[in-house]
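First to last, the protein sequences are chains A and B. Per my numbering, residue 18 is the first one in the first sequence, and the count goes up by one each step. Per my numbering, residue 317 is the first one in the second sequence, and the count goes up by one each step.
With a straight-line cut-off of 27 Å between C-alpha atoms, the simulated DSS-like cross-links for lysine-lysine are:
no., chain 1, residue 1, chain 2, residue 2
1, B, K481, A, K516
2, B, K560, B, K528
3, B, K481, B, K560
4, B, K481, A, K520
5, B, K416, B, K474
6, B, K416, B, K389
7, A, K516, B, K474
8, A, K168, A, K98
9, B, K462, B, K474
10, A, K520, B, K474
11, A, K516, B, K462
12, A, K168, A, K520
13, B, K528, B, K481
14, B, K416, B, K481
Simulated from the structure, these hints should not be mistaken for lab results.
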Amino acid sequence: MAGVVATIAREPKSLAGRIAKDMIISGIIVFLLGSQLIGIETIDDPKGLRFITRYDDVLAAALAVALGRAGLQMLRAGMAKPVLIGSLAFAVAVIGSTLIGGERDLSLLPFDNKIVDWVFGLTAVVFAIRAAVVHGRGSASAHRRGAVMDKISAQTQRFSPYAAGLMILLAVLLPVLFPERRIVDMGILVLTYCMLGWGLNVVVGLAGLLDLGFVAFYAVGAYSYALFAHYFDWSFWACLPLAGAMSAFFGLVLGFPVLRLRGDYLAIVTLGFGEMIRVILINWWWFTGGPDGIRDIPRPSFLGLPFERESPDGSATFHSVVSPILDSMFGIELEFAPLHRIVYLYYIILVLSMVVCVFTLRLRRLPIGRAWEALREDETACRALGINPRNTKLTAFAIGAMIGGFGGAFFATRQGFISPESFSFIESAVILAIVVLGGLGSQLGVVLSSTLLIGLPEVFRELADFRMIAFGAGMVLIMIWRPRGLLAHRDPTVLLHGKAGLKRSNRAMASEGSG
Amino acid sequence: MSAALSAATPNRVPAESSPSALLSVEHLTMRFGGLVAINDVSFVAAQRQITGIIGPNGAGKTTVFNCLTGFYKPTVGRLMLHHPARPMLLEQMEGFRIAKDAGIARTFQNIRLFPAMSVLENLVVAQHNRLMRASGYSLFGILGLKRYRVAEDEAVAKARRWLDKIDLVPRADEPAGSLPYGAQRRLEIARAMCIDPVLLCLDEPAAGLNPKESGELNELLMSIRDEENTAVLLIEHDMSVVMKISDHIVVLDYGRKIAEGSPDAVRADPNVIRAYLGEEEDEDLPDIVKQDIPEVLS
Numbered sequence: 018m019a020g021v022v023a024t025i026a027r028e029p030k031s032l033a034g035r036i037a038k039d040m041i042i043s044g045i046i047v048f049l050l051g052s053q054l055i056g057i058e059t060i061d062d063p064k065g066l067r068f069i070t071r072y073d074d075v076l077a078a079a080l081a082v083a084l085g086r087a088g089l090q091m092l093r094a095g096m097a098k099p100v101l102i103g104s105l106a107f108a109v110a111v112i113g114s115t116l117i118g119g120e121r122d123l124s125l126l127p128f129d130n131k132i133v134d135w136v137f138g139l140t141a142v143v144f145a146i147r148a149a150v151v152h153g154r155g156s157a158s159a160h161r162r163g164a165v166m167d168k169i170s171a172q173t174q175r176f177s178p179y180a181a182g183l184m185i186l187l188a189v190l191l192p193v194l195f196p197e198r199r200i201v202d203m204g205i206l207v208l209t210y211c212m213l214g215w216g217l218n219v220v221v222g223l224a225g226l227l228d229l230g231f232v233a234f235y236a237v238g239a240y241s242y243a244l245f246a247h248y249f250d251w252s253f254w255a256c257l258p259l260a261g262a263m264s265a266f267f268g269l270v271l272g273f274p275v276l277r278l279r280g281d282y283l284a285i286v287t288l289g290f291g292e293m294i295r296v297i298l299i300n301w302w303w304f305t306g307g308p309d310g311i312r313d314i315p316r317p318s319f320l321g322l323p324f325e326r327e328s329p330d331g332s333a334t335f336h337s338v339v340s341p342i343l344d345s346m347f348g349i350e351l352e353f354a355p356l357h358r359i360v361y362l363y364y365i366i367l368v369l370s371m372v373v374c375v376f377t378l379r380l381r382r383l384p385i386g387r388a389w390e391a392l393r394e395d396e397t398a399c400r401a402l403g404i405n406p407r408n409t410k411l412t413a414f415a416i417g418a419m420i421g422g423f424g425g426a427f428f429a430t431r432q433g434f435i436s437p438e439s440f441s442f443i444e445s446a447v448i449l450a451i452v453v454l455g456g457l458g459s460q461l462g463v464v465l466s467s468t469l470l471i472g473l474p475e476v477f478r479e480l481a482d483f484r485m486i487a488f489g490a491g492m493v494l495i496m497i498w499r500p501r502g503l504l505a506h507r508d509p510t511v512l513l514h515g516k517a518g519l520k521r522s523n524r525a526m527a528s529e530g531s532g
Numbered sequence: 317m318s319a320a321l322s323a324a325t326p327n328r329v330p331a332e333s334s335p336s337a338l339l340s341v342e343h344l345t346m347r348f349g350g351l352v353a354i355n356d357v358s359f360v361a362a363q364r365q366i367t368g369i370i371g372p373n374g375a376g377k378t379t380v381f382n383c384l385t386g387f388y389k390p391t392v393g394r395l396m397l398h399h400p401a402r403p404m405l406l407e408q409m410e411g412f413r414i415a416k417d418a419g420i421a422r423t424f425q426n427i428r429l430f431p432a433m434s435v436l437e438n439l440v441v442a443q444h445n446r447l448m449r450a451s452g453y454s455l456f457g458i459l460g461l462k463r464y465r466v467a468e469d470e471a472v473a474k475a476r477r478w479l480d481k482i483d484l485v486p487r488a489d490e491p492a493g494s495l496p497y498g499a500q501r502r503l504e505i506a507r508a509m510c511i512d513p514v515l516l517c518l519d520e521p522a523a524g525l526n527p528k529e530s531g532e533l534n535e536l537l538m539s540i541r542d543e544e545n546t547a548v549l550l551i552e553h554d555m556s557v558v559m560k561i562s563d564h565i566v567v568l569d570y571g572r573k574i575a576e577g578s579p580d581a582v583r584a585d586p587n588v589i590r591a592y593l594g595e596e597e598d599e600d601l602p603d604i605v606k607q608d609i610p611e612v613l614s
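Pulled out of the complex, with its shape left as it was, chain B reads as follows (with noise of 0.2 Å):
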């Protein structure tokens, strides 16, 4: 209890970050016109951990992705990745470079993939960068050298585990855009897998799943963070995704931090329950509901 009391302090800026920090977002704001839409937000997301953000519709978390992955430029704050060949600032990279060079790979709240592609190809134009250079920039890849070729299988093996792990192997060749719902979730997140991520940013991927799918999601998370070195970020409303399978939660509302860390910690944070429920008006409430309180959120 005491840790969450004390990250519930939003404006504290975590100490010198520790060893095993991959991404620190400090004082991080960002402003549309009159609209604070993150206001001073600070948190770490550590290295082979599973980091939640979690908060109510409109409290800023698809805004802290989107600065996070160069599509906004944050109004102030910085965004320091340590990245293992050297440290980056991610607000001064370009969008697409924030993929390519600091490694963070993201997926998308309504999915996003290439539809009239096949799922096979999806996964194969994720390794965009290094087949190119393979391919000499094409200059090779037009003569048929075989470096390029080797390259390409390469990536078609890399692409065909990652289609054993989501269980799309039999439908490697379809349009991704005639697979179900829940197969283009798992295919969306096996995409970014591919750019060999150090950081994985998942923007709501339970959102639409059954209880079935949403179980097997938990466990390729759990397998990306323990297998593939992959540090995750994910903005989740299911609450039986985030509590179970996050190792730190940051739990934002209107914009700013409300409270911080694991996730028993934050269940029972008053801050968060005032925030998901309403205020809380303990003398009113009969102590049956104020039993049920933790339990609606876990």
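With the rest of the complex left out, here is chain A (with noise of 0.2 Å):
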């Protein structure tokens, strides 16, 4: 016994040596544990409990710690490169593997359970991360990267005028390339948070004010529409600008109690504000209709035209108006299909978040735009140049919700149905995210990253759980590699010197790093 432990002690001396006794002893200490903790499972059987084995599952546990144990040891051994490329082959032929087989199972990875697959193949899309990560350091230092970053920030931003062309003519373009309801659909819901966002932006990114319930005006807006459209029957075109107003009084009225709070304690107070509304909401049960919500909230009508196949009073509906015109003048026969009223959403959207997108982006380079900045910055040096720092933050809150009220107007009538579950905190701290991972004032920054928060989570909604995993796993490396956000660089207002000055200013971030 005394002779094995000794054997074992040893330290090997070639470095394959080293590494396959690692392998081996990591693998025995998963497979001892692994077999009592997933080898066994209780089945809960008509005729009581039993048990069945999964040796098959033991065993890629096991497997897959002696793989990752070799790839740390070959890190450790300063081999980062041949970890990179051996990892992402790996993940790249597993992952493509399981998602071309999609039903079938095509796997390269001999286990009939998929999740497995998956497993494998996301721990090493990690092991790349990491590997690159190690073969980073080597080869350039953090600031040196954070430098890189900024350039490349600068550069997005300054090609961003033809990036944006581009995206909104993609944008125009896509119910008529991909004339599906699960693409269109997903188009609205990206349109909807990059509005959301751009509103959040001009809060969070501009005026500095963290604010942790923005859903609470999202909410007020819906439910205005909402609540006019049942009780009054006024339509959408006519409520949407009431919703507005309504949500940034309310902007108005929940600012001015916290216009000398910053930071953390700001975050908390609009937070508890966010759950309060909601709460009221689901307690205000006969005005609003309480948890049930408020349903048959109407679509919006094209110029007081209905989507719908036959309107019950026989009036004309958009289908019996628009498609004799087709007709006659072009020659085509329009069917009636309900893609139509999907489409029309989705236009209404984009041009609601086009308005919003030049609107915020005009504020930004007026007065009160610049004053927003300069309260983020340093208040107590605003109020020293005659700004007037209670009117400048209560701007800031009320545009911010009004604009959230357009979206949740839109809500209302894209879905029909509204109640208070919509509105919960985890809506806020998507918004958010799709704010800060963008970089903080950015509007480029709000468009990638509600592309990348909402789109592909919508993408991959056969992963179930395991997107909210993806979700967070994507914020830490954000948070770890680039903590201002993606896009997070800031071009002066107004120039002095034009696009020479522009440059000159870039260098001056990129090489203080802060840009």
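Using the hints, put the two chains back together into the complex; each one sits in its own frame.
Structure (structure tokens):
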């Protein structure tokens, strides 16, 4: 016995021997632990409890740990490149084959459980990232990497007019290129969050007021429209400005008491306000419908024409009016399709979000926008320059809330049914994550991150809960590598030397590492 | 000497303010709980003059500034500004209105720029209130009307004039935080001047500057006094700045005014010497030291 222990304890000479020993020992440990924890599953049978064994899963776990140890040892030995290439190739092969396989099991790995395939694939991705970090640390310092990233975001900013043009063109053509309900629906969702992100960006990115209760204004907008429609039968287009005004008013009311608070304290109070609105909506049941919500919210009409096959009273519908016109002018037969309404909704939110984008871009270049940024930088200095901090903050709250209200009204008309459940804290968190991930104050960053955070989870919906893990992992990685967001770059709002000045400004920021 | 001696009686309220008085501080007292930071201080800052406020550390100089600029509400006292438009009582005004309506600008002991914003933006932000009116409280600005664009061009032109004065034109588009320390000090003064103040309050503008930089600062301050029709109130430790450019000096110690007068008068004042160098015990000091004392203060 003592001899065996001594043999195991002796350090092997060669690297390969060391790695092999590490793999075997960790594999055995996982096998011993896993044979109890993973290997036996209790099944609740009608006849009573019974056990089944899952040896293949135990083997998979042991193998995964052994491979991981090998990778770690190689990383420690300074072999970052082979690990990076190997794990990337492995990840691509496994995830690719699993994705292509779809329902059939085409995976390269011999397991009949798809989730295990995914775990292997994603582990390899994590390994590749780690190897990349080690590799990067060897070749470039963190400071240099930061400077390079800053340069990239400055370049992105420079090309953003073209990128934005291309994106808008793509967005306009999306329903034509992909006339599928699933894709157009996703487009609507991404655009809604873009708009909310731009709204919150005014409050958090420009004015620097950390607002964790943005969903309150979203809820106020949605309920304003739903209630006006419910009690007065007002149309969507009449209620849209009203919903914005109501939300802006609530922004003022909620903003007023928190004027003196900053940072964490402000975040906590706004969080509370977000919850208060939700709780009020639940408990004011005779007015808001309580937890049952409001149903049958009218859909938006096109110049007064509803999107229905036949209207109940026989009056004109979109289809009955437009299809003869198209027929006579272009000879195109337009069949009635439910998709028309979805596409119409898509274009509404596209126009709304574009208006919001231009509006917020312009605001930033106006004195009020500069005052917001100055307030974020130093409130005391602002007061010493005669800027009214109270009014400036309240305008930021009101304008952010107004945009949230527009988003809410659109949400209500799209869903046709709203209940307080739709306005939980997680919504605020997601919108805030979009703003922070994109880079505080960056318009393009919001588009990028809402595509990443809203679009990708929708695409990978079949992964169920695992996508939330990926979401969290992504956020952690961004916070490590790019704590100020993907496209954190600020261009001055007014230049003395034109383009040359912009270049100098970018260089100064990159050298300082604060771009 | 007689002027200095009469002013050294701390409780004397300035007689009915002379026509050239811009700011009269009367019986200013500021208590924080049991601590009396300023005790019954009265003085007058005249138009088109640089008034220096000096005193050892903890004498209450910055507290006087904070009372003047609305950051503190004085416990007792009257702060009367003889503004060209109408006389104003500063102690009754909201903080930001003192800059906006009364036209009192200030700088800070620890520089407070907007570091992420460009140098030019720092100067344009200072013209916020005029630009807000021109942009129709953002309404005309959103619509891109010409009226606002003209106003913005004017604001940039004014900023440029100040950038010329402080030698920062080439770096106008860089972030203010990336400037060297001395340039940040000058920029903060230029930013304060961009609100068109009648009174500029500078809290230790020469702190941390090298002799060449503080020489440039002297010239900048004198040009502000002579060309901009702005009175200057100056807190400073650097005696080479205060004694050279001040027209009038107020000396504080432990929250009390111990002397007031021209630089020469203050330099020779026994109260001041005692405050700076400790109790003067004439008999014990060799003559050679006594001769040196005024020089230490110069």
